[in-house]
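Student: Chains as they are written, first to last, in full-length UniProt numbering: chain L, 1 to 132; chain C, 1 to 132.
These are calculated hints, taken from the structure and not from any lab test. Heads up, none of these hints are tricks.
Okay, derived cross-link-like pairs now, DSS-like style, lysine-lysine, Cα gap no bigger than 30 Å in a straight line: (1) Lys115(C) - Lys118(L); (2) Lys118(L) - Lys118(C); (3) Lys118(L) - Lys19(C); (4) Lys19(C) - Lys115(L); (5) Lys113(C) - Lys19(L); (6) Lys19(L) - Lys115(C); (7) Lys19(C) - Lys113(L); (8) Lys113(L) - Lys118(C).
Protein chains: 2
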Amino acid sequence: MTTPQLTKNQSLVFEVLEKAEGPLSAYTILDKLRDHGFRAPLQVYRALEKLLEYGVVHRLESINSFVACAHPGDNCHSHGIVAFAICESCGQVMEFHDHEVDHRLMGWVRGQKFKPEKTTIEIRGLCEACAA
Amino acid sequence: MTTPQLTKNQSLVFEVLEKAEGPLSAYTILDKLRDHGFRAPLQVYRALEKLLEYGVVHRLESINSFVACAHPGDNCHSHGIVAFAICESCGQVMEFHDHEVDHRLMGWVRGQKFKPEKTTIEIRGLCEACAA
DNA sequence: ATTGCAAATGTTATGTTATTACATCAATTG
DNA sequence: CAATTGATGTAATAACATAACATTTGCAAT
Chain L
1 MTTPQLTKNQ SLVFEVLEKA EGPLSAYTIL DKLRDHGFRA PLQVYRALEK
51 LLEYGVVHRL ESINSFVACA HPGDNCHSHG IVAFAICESC GQVMEFHDHE
101 VDHRLMGWVR GQKFKPEKTT IEIRGLCEAC AA
Chain C
1 MTTPQLTKNQ SLVFEVLEKA EGPLSAYTIL DKLRDHGFRA PLQVYRALEK
51 LLEYGVVHRL ESINSFVACA HPGDNCHSHG IVAFAICESC GQVMEFHDHE
101 VDHRLMGWVR GQKFKPEKTT IEIRGLCEAC AA
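Build the full structure now, drawing on both the sequences and the hints.
Tutor: Okay, structure coming up:
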């Protein structure tokens with residue numbers, strides 16, 4: 001799937017996430033876009049919904065936040081399951097893929113005849129700098 | 001770590017989760033315990049906090065819900081990372097462990113010198129019965 | 001160019017999940 | 001019994017997310 005031209009609101013939300021150092025909550029995004037005319041949460045959530053669909057933004061379930069995909073120009077849906085390491089101190093997020101992990105999880109899933117739609121892998125802890 | 005004697009509120013919350021067919025939200029638990037004197041969310045959240053700590057209850061991050069651990073009498077902290085398959089149709093949750101997945105994730109983590117505290121693996125989709 | 005449709009947007013209100021702050025109570029121990 | 005600690009009760013509020021409905025915009029078909 002290729003990413004279509006983003007609409008105005010989608011572009012604004014995406015730019016905010018790209019410039020951010022780490023994940024942002026929907027309401028933080030809203031606050032950052034008040035100057036651009038955003039007034040209500042739905043303006044953010046609707047844009048996020050599309051950006052997630054296009055695979056250019058990820059949702060971090062364990063911290064109710066959103067982050068731009070770490071693969072500029074690429075789209076993440078082709079890489080299999082995406083995993084995240086989230087530093088609980090500085091907020092930094094590392095995104096990675098591991099085919100063996102995918103393979104094991106999908107193997108289990110097949111064994112159960114479970115039909116996966118969306119898989120979440122999130123490791124919360126301390127990054128190297130913060131653990132020191 | 002061995003599970004200490006549960007307090008009154010902890011027992012009530014745990015019993016509700018054990019009897020439930022699937023995961024419950026904190027507010028659903030609250031409603032089920034109104035007859036037992038529960039009045040406020042905090043009574044539930046405080047009990048859950050301890051039950052999570054003891055490893056007898058799991059939190060499903062992707063659906064903001066809680067479920068009793070699938071290993072009666074045992075405690076889950078000894079099994080490495082716990083993974084869940086959550087049916088989005090019937091709500092049923094399957095809990096499993098995969099040492100190879102643990103190994104791969106922990107290998108990546110070591111390579112980054114990241115210090116993991118809590119890892120979430122949740123597969124949402126359709127169980128065999130619901131996919132049919 | 002106009003009509004008709006689909007998608008995007010704007011706005012208000014509300015629903016759902018989680019925590020803060022503070023008071024009280026109960027068990028333990030020195 | 002005083003002091004401490006952990007559990008509980010209660011009210012208020014913060015944080016996250018969606019429903020419902022009105023309006024506007026872009027664009028294809030005629």
